[in-house]
Amino acid sequence: MIDGADTAWLMISSVLVLMMTLPALGLFYAGLVQAKNVLSVLVQCLAIACVVSLAWFVVGYSEAFSGTGPVLGDLKALLLQNVGRNAVHPGARVPETVYIMFQMTFAIITPGLIVGAYVERIRFGAVILFSLLWLLIVYDPVAHWVWGGGWLAAYGVMDFAGGIVVHVTAGTSAVVIAAMIGSRDGFPREVRPPHAPWMVMIGGCFLWVGWFGFNAGSAIKSGADAGMTMLATHLAASAATLTWMAIERVKFGKPSVVGAVTGSVAGLATITPASGYVGPLGAVVLGFAASCLCFAAVAAVKRKFKIDDALDVLGVHGVGGAFGSIALPLAAGIGTGGAALSHATGQQLAVQLLGVVSVAIWSALATAAIVKFVALTAGLRVAREAETQGLDFTAHGEVGYHVAG
Amino acid sequence: MIDGADTAWLMISSVLVLMMTLPALGLFYAGLVQAKNVLSVLVQCLAIACVVSLAWFVVGYSEAFSGTGPVLGDLKALLLQNVGRNAVHPGARVPETVYIMFQMTFAIITPGLIVGAYVERIRFGAVILFSLLWLLIVYDPVAHWVWGGGWLAAYGVMDFAGGIVVHVTAGTSAVVIAAMIGSRDGFPREVRPPHAPWMVMIGGCFLWVGWFGFNAGSAIKSGADAGMTMLATHLAASAATLTWMAIERVKFGKPSVVGAVTGSVAGLATITPASGYVGPLGAVVLGFAASCLCFAAVAAVKRKFKIDDALDVLGVHGVGGAFGSIALPLAAGIGTGGAALSHATGQQLAVQLLGVVSVAIWSALATAAIVKFVALTAGLRVAREAETQGLDFTAHGEVGYHVAG
Amino acid sequence: MIDGADTAWLMISSVLVLMMTLPALGLFYAGLVQAKNVLSVLVQCLAIACVVSLAWFVVGYSEAFSGTGPVLGDLKALLLQNVGRNAVHPGARVPETVYIMFQMTFAIITPGLIVGAYVERIRFGAVILFSLLWLLIVYDPVAHWVWGGGWLAAYGVMDFAGGIVVHVTAGTSAVVIAAMIGSRDGFPREVRPPHAPWMVMIGGCFLWVGWFGFNAGSAIKSGADAGMTMLATHLAASAATLTWMAIERVKFGKPSVVGAVTGSVAGLATITPASGYVGPLGAVVLGFAASCLCFAAVAAVKRKFKIDDALDVLGVHGVGGAFGSIALPLAAGIGTGGAALSHATGQQLAVQLLGVVSVAIWSALATAAIVKFVALTAGLRVAREAETQGLDFTAHGEVGYHVAG
Amino acid sequence: MKFIIAIIQPHRLDAVREALLQQGIEGMTVSEVRGYGRQKGHKEIYRGAEYRISFVPKLKIEVAVAAERSEAVVNVIRDAARSGNIGDGKIFVFDLETATRIRTGETGVDAL
Amino acid sequence: MKFIIAIIQPHRLDAVREALLQQGIEGMTVSEVRGYGRQKGHKEIYRGAEYRISFVPKLKIEVAVAAERSEAVVNVIRDAARSGNIGDGKIFVFDLETATRIRTGETGVDAL
Amino acid sequence: MKFIIAIIQPHRLDAVREALLQQGIEGMTVSEVRGYGRQKGHKEIYRGAEYRISFVPKLKIEVAVAAERSEAVVNVIRDAARSGNIGDGKIFVFDLETATRIRTGETGVDAL
Ligand SMILES: Nc1ncnc2c1ncn2[C@@H]1O[C@H](COP(=O)(O)OP(=O)(O)O)[C@@H](O)[C@H]1O
Ligand SMILES: Nc1ncnc2c1ncn2[C@@H]1O[C@H](COP(=O)(O)OP(=O)(O)O)[C@@H](O)[C@H]1O
Ligand SMILES: Nc1ncnc2c1ncn2[C@@H]1O[C@H](COP(=O)(O)OP(=O)(O)O)[C@@H](O)[C@H]1O
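Going line by line, the protein sequences match chains A, B, C, D, E and F. So that you can map any letter, position 157 of the first sequence is 157 in this note's numbering, and since no number is skipped, the others follow by simple counting. So that you can map any letter, position 337 of the second sequence is 337 in this note's numbering, and since no number is skipped, the others follow by simple counting. So that you can map any letter, position 269 of the third sequence is 269 in this note's numbering, and since no number is skipped, the others follow by simple counting. So that you can map any letter, position 81 of the fourth sequence is 81 in this note's numbering, and since no number is skipped, the others follow by simple counting. So that you can map any letter, position 35 of the fifth sequence is 35 in this note's numbering, and since no number is skipped, the others follow by simple counting. So that you can map any letter, position 61 of the sixth sequence is 61 in this note's numbering, and since no number is skipped, the others follow by simple counting.
Honestly, the hints are just simulated from the structure, not real lab data. Ideal Cβ placement from N, Cα and C applies to all residues, glycine included. A few of these clues could be false.
[To be verified] Beta-carbon label-pair distances, calculated as ranges:
| hint | chain 1 | residue 1 | chain 2 | residue 2 | range |
| --- | --- | --- | --- | --- | --- |
| 1 | C | 188 | F | 68 | 49 to 55 Å |
| 2 | C | 249 | E | 40 | 48 to 54 Å |
| 3 | A | 364 | E | 38 | 48 to 54 Å |
| 4 | B | 376 | A | 378 | 57 to 63 Å |
| 5 | C | 376 | A | 342 | 49 to 55 Å |
| 6 | E | 72 | B | 375 | 54 to 60 Å |
| 7 | C | 74 | B | 149 | 55 to 61 Å |
| 8 | C | 376 | A | 389 | 50 to 56 Å |
| 9 | B | 346 | A | 69 | 42 to 48 Å |
| 10 | A | 388 | C | 300 | 54 to 60 Å |
Using the sequences and the hints given, assemble the complete structure.
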């Protein structure tokens with residue numbers, strides 16, 4: 001039976017999660033690039049949202065959420081033709097259509113996150129082809145494994161809102177594509193600073209508020225679980241933001257806006273898998289640890305590995321999501337308010353590790369193959385002059401700022 | 001009896017639809033004009049929102065939704081003095097106050113859409129006077145005809161969320177006022193490109209997410225209908241966005257940001273009347289057709305008719321809304337998931353056509369009269385020098401960008 | 001028992017109110033300052049949100065809402081360790097966690113409002129220390145007095161959504177800190193105009209839509225009261241916006257964007273305490289009076305008292321909130337749709353006056369002491385050169401706009 | 001060769017450019033400047049406070065021309081840029097010693 | 001006549017303008033430029049990566065004056081613009097052949 | 001002393017700056033300008049309407065040098081700024097009468 005309140009909550013959560021991509025993630029990323037690439041980032045996010053939505057409708061939802069085979073869905077929902085107007089999602093009290101919509105917004109933002117790895121140098125056609133294949137080959141299967149009754153679900157892997165399904169897949173794939181497409185011209189010495197930190201901040205704020213739909217919506221029900229999830233999400237983000245600012249204050253003397261917002265996102269990515277299972281104190285601890293870890297990871301990717309994961313998708317999302325997923329069994333036990341685990345703590349830890357590692361490996365391998373394919377077909381990277389002139393004009397024929405008339 | 005879930009959904013939908021005007025539509029339009037007019041567009045949207053709200057409170061709601069006469073409401077709700085704190089909207093399970101609020105947000109955005117026709121050259125006083133009269137003479141009656149139990153409702157016209165009431169009225173009126181106020185200085189040869197495509201994109205994104213309140217809110221109930229409406233809305237917008245990009249790619253070699261967002265809006269306007277009646281496949285087909293049609297219409301208005309409907313209100317909203325309204329009976333039958341029509345398909349088609357055409361005619365005639373009146377009283381157009389200098393400074397005494405201190 | 005609909009409404013209201021700070025208030029204020037300080041304002045709002053959230057978790061909620069002593073809470077909810085996952089908030093049908101979250105968003109925005117007083121010259125460390133102490137010494141006690149069962153609640157003071165708790169505290173404290181920190185260099189002769197009125201407008205719009213969560217969320221229940229509150233809030237804001245524009249039109253010849261948005265905020269602040277008690281007509285009257293009063297107050301603070309309350313926190317929020325709180329008993333009786341008072345009109349008026357005055361005095365005294373303490377420890381004001389160069393670079397090492405590559 | 005710098009009202013740019021084109025002058029460089037002069041700036045009023053904006057937006061046009069065309073070009077700019085109001089701007093003429101076209105290395109009048 | 005170009009620190013503009021006004025110089029043109037010189041640019045650190053910003057924001061002031069006032073004006077600007085730090089900027093003086101006021105067609109010193 | 005104004009393609013700035021540095025020229029001033037010339041502007045197409053953008057973004061580099069270095073500096077800029085396409089820009093050389101360093105009051109070549 002459909003419950004109006006649960007349905008309203010899941011609908012508004014879907015709206016919030018879509019807003020995370022359109023426009024929040026777009027703004028967050030667009031502010032971090034150079035002024036000559038601001039539009040390209042925005043339109044990449046928009047195009048990914050549309051391509052994923054259609055693919056989700058055609059086959060993606062079937063692959064991930066129809067049937068409970070160990071590896072893949074049963075494809076019975078192709079073109080959503082078996083979805084009745086009044087169908088109810090099994091095990092919940094919301095219409096099937098709303099569940100499809102809610103899950104679609106997750107499928108949209110995940111390849112959207114990867115944009116941060118290849119900005120300022122990728123061909124627009126490659127963005128579209130890559131994101132489509134990546135959805136079908138990486139995201140949909142992994143979503144099935146963890147959330148659709150697949151083999152990781154059978155092991156009892158816990159991932160409340162996508163630490164593994166969203167952040168580990170995106171983070172791992174991001175660093176692979178960044179390495180394969182090569183660094184931006186001039187990296188790391190001559191790369192230009194974020195052209196609009198104010199835009200980063202606005203994008204980050206809307207990511208934050210949208211994330212309540214992401215995490216608390218994942219309860220698929222309005223009530224106590226959603227409530228604690230929301231509170232935990234917010235506290236983790238707050239702790240992470242302050243921690244990142246404190247680190248910057250100590251290391252560089254000044255806490256920056258871009259750093260603070262990066263801390264927020266690190267905290268949000270980290271709490272995501274655990275958000276439905278921890279109490280307030282556990283959330284604060286996770287948030288604090290998130291910024292310490294991600295701060296180090298961001299520097300390591302750039303300096304040690306010299307990979308131009310331009311907007312730090314691995315360092316912030318990948319590392320945060322993996323850490324949150326693994327630390328979840330411990331964090332759930334900190335203070336009051338946590339929820340029960342599927343297994344005893346130690347065993348749960350092992351299962352979580354299995355989940356993170358196997359998904360990371362699959363994401364990396366599959367992404368490498370997809371990128372290779374895209375390079376051979378659509379072509380991966382724009383010409384040097386186009387990169388110099390900027391993608392806004394060369395790929396889209398437009399100029400971001402025409403303030404001088 | 002009031003249902004908490006339906007009420008919560010309608011309240012949040014009202015918030016989303018208001019957000020479509022404040023600030024989404026403002027940003028969408030403001031990014032498309034020149035830098036010297038950015039503020040004027042924003043404040044026009046704000047002023048319209050306020051004037052319409054007060055007029056709605058004084059008489060507008062009465063005109064449109066109080067009583068079911070064929071042509072006009074019964075004016076019993078003047079100043080909303082007959083609305084009790086706990087009154088329930090007849091036929092629904094939400095408070096009357098929330099229904100008033102929800103419908104008000106539609107009344108706000110509709111004259112707001114017309115802003116796109118006359119930007120960069122209209123007097124601010126004319127905006128206010130025109131919008132007020134237009135609300136009372138065009139919007140309120142038409143809303144009554146279609147949604148308030150008037151003569152078109154009696155014919156069984158179907159318009160789920162405003163293809164006729166919102167988009168046909170706004171689109172037709174836009175082209176009339178654009179023709180009467182005359183083109184911007186230099187049109188079409190010397191007109192300047194959109195000063196901030198990034199702003200267009202942000203505005204477009206918030207329009208998109210707000211549109212879920214517009215369409216799925218129009219179910220006036222949280223549940224299966226709202227769910228399918230939301231899904232259909234999203235899929236149509238996605239299909240339309242990709243279609244517009246594909247057309248631009250083929251015709252000009254490059255898909256632009258402004259084009260992509262225009263496609264989104266075209267898809268959203270087109271699905272609006274049909275959103276509650278179609279299934280997912282029907283929605284995708286409508287979205288695809290929307291961009292093909294609106295792309296052609298936008299060019300035709302500018303090139304063939306040489307009318308400076310500056311931001312393409314007719315081409316995008318009018319044509320999209322009309323097409324969606326007329327195609328609705330066919331689209332509802334595509335694939336599964338559609339809802340029942342009021343009549344047999346053929347007859348429904350005739351009724352829909354009747355609705356679109358009669359509303360278009362009334363909108364055009366009434367707008368012509370109103371514009372004439374405004375021209376004679378408040379004056380329609382600013383002086384040539386004010387147009388050259390920009391409305392921000394000449395009409396509002398401000399400058400949009402003071403970046404250089 | 002938890003009600004899903006009430007919970008969904010309170011969760012989404014929490015999201016809306018958080019959005020009022022992140023990013024709405026930030027944008028509203030950031031657009032009003034000079035380009036060289038845009039980031040500092042944004043990051044001040046972000047940091048305040050985080051510090052307040054953690055303090056709320058540690059002790060703030062306990063202070064304000066745990067137990068009903070006359071002056072302070074009982075501190076039983078330290079670290080929220082007594083809050084069970086499924087705890088229900090007494091007297092409501094929502095989870096305790098959601099109530100904590102909702103109230104936290106109010107605690108965040110209130111010190112956020114004070115930012116407007118000290119922008120462009122304060123040390124970042126002072127912002128953090130001041131806001132933390134101010135929360136614990138001013139906000140939490142006052143929230144307890146009025147909403148947590150404290151002595152003002154015992155007197156029957158009515159404050160639906162924070163005219164006293166939010167706006168009077170913030171407004172009074174703002175003018176005190178503004179006076180103590182001193183004017184910006186060059187005030188009033190050489191102060192620069194708002195660097196981005198378009199940003200003010202966007203921020204203002206999101207404040208407006210978020211305010212529905214603030215006011216209608218304060219019903220803590222989805223239904224008729226929330227509905228009327230939303231309608232009243234919107235009508236008051238509309239009336240106030242038009243009134244401010246009209247005053248500017250008459251006095252200066254041109255209605256400005258910044259003025260119009262200021263009017264909106266004045267109307268919203270004024271209706272806040274009364275929003276749950278008035279009908280539509282009362283709301284419109286309050287909105288109209290709000291702009292008349294606040295317009296005069298803004299000028300008075302600057303010209304008469306020569307205090308550089310830079311973004312007019314006292315003039316807009318303080319005066320608006322105080323006026324709305326005091327006028328509430330009268331406004332509730334205008335037209336139909338109002339709610340019952342706690343006392344007879346005259347007595348209620350006296351009680352309201354007592355509430356406003358005592359809270360204003362406490363806020364002023366406590367703020368003076370806190371500011372003194374901050375000045376002696378963290379230091380209050382940046383050096384003259386840092387002020388000239390701008391806080392973005394000197395305090396955060398960043399530049400807001402890098403458009404020229 | 002001469003180098004001409006004209007400070008003009010922004011909205012006269014199109015007129016000046018077309019007038020120069022008709023004179024066969026096909027190259028010029030334009031930049032945004034702010035001017036201070038007899039034309040006083042304006043006031044902006046925000047929330048009752050007056051902000052004096054002393055500097056007025058202007059455009060600066062730079063054109064290098066052969067010496068003998070200098071006077072004619074000055075006249076053309078003067079006529080095209082004039083709106084008759086205070087603040088219409090100035091035209092300054094300098095001696096230009098050498099000019100080089102970067103692409104070809106040509107120098108002198110050929111480089112223009 | 002002479003044409004003076006001064007490159008100054010942005011925050012000295014008001015001081016320079018007032019000093020010039022006191023000298024009776026009531027016209028000038030200002031634009032934003034970026035300077036490179038002994039004053040090295042700064043670093044911005046984002047997410048642990050250092051970005052070198054080589055160019056420093058400066059303002060360029062252009063003033064045309066009668067030849068005999070040139071030296072005095074240079075001195076006035078120099079004194080008003082000086083903060084004593086590296087990067088305070090330069091003042092360049094050029095010979096100005098002709099000046100024309102667009103509005104009236106006046107030329108020479110009268111045009112200033 | 002000579003004063004060199006070069007109008008170049010924006011993306012050649014780094015190359016020019018490094019070439020100048022190697023010549024020992026450590027000071028320069030850069031600003032954004034828009035150029036009109038043989039290189040025609042571009043079109044932007046929005047919603048099927050073509051917008052002609054006549055002016056092309058360029059950078060203007062200003063360098064004051066001792067007279068005897070002028071030719072060498074012009075050559076260095078020419079070589080570093082050249083990409084071989086129409087629109088590569090121009091280099092103009094002027095006589096510079098005096099130069100003053102604001103901070104120290106030094107004048108002449110010492111001020112550079
Ligand atoms: N002495 C000067 N040196 C350089 N530029 C000047 C000078 N005088 C005026 N200008 C420029 O010319 C513009 C117009 O001058 P103004 O005195 O306002 O009017 P008019 O051109 O009618 O005399 C100013 O805004 C300024 O940019
Ligand atoms: N040779 C030069 N030609 C043109 N402009 C110069 C030259 N040298 C310096 N400048 C300008 O003057 C500014 C200040 O110079 P800099 O060497 O940093 O300090 P200082 O003025 O103390 O010598 C530079 O930022 C640049 O704009
Ligand atoms: N006569 C001129 N005076 C001043 N600037 C000029 C002149 N001619 C060209 N320019 C500048 O030089 C730039 C390049 O000139 P253009 O004719 O396009 O190509 P090229 O440098 O290859 O001859 C122009 O964009 C303009 O900024």
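Do the hints match the structure? See the list:
1. C:188 <-> F:68: 49 to 55 Å: holds, 54 Å
2. C:249 <-> E:40: 48 to 54 Å: Roughly 51 Å apart at Cβ, these two residues keep to the hinted range, so it holds.
3. A:364 <-> E:38: 48 to 54 Å: Because 49 Å falls inside the window, the suggested range holds.
4. B:376 <-> A:378: 57 to 63 Å: holds, 59 Å
5. C:376 <-> A:342: 49 to 55 Å: With Cβ atoms ~54 Å apart, the hint holds.
6. E:72 <-> B:375: 54 to 60 Å: holds, 58 Å
7. C:74 <-> B:149: 55 to 61 Å: holds, 57 Å
8. C:376 <-> A:389: 50 to 56 Å: At roughly 55 Å between Cβ atoms, residue 389 (chain A) and residue 376 (chain C) fall inside 50 to 56 Å, so the hint holds.
9. B:346 <-> A:69: 42 to 48 Å: holds, 45 Å
10. A:388 <-> C:300: 54 to 60 Å: holds, 56 Å
In terms of the numbered hints stated before, the structure departs from none.
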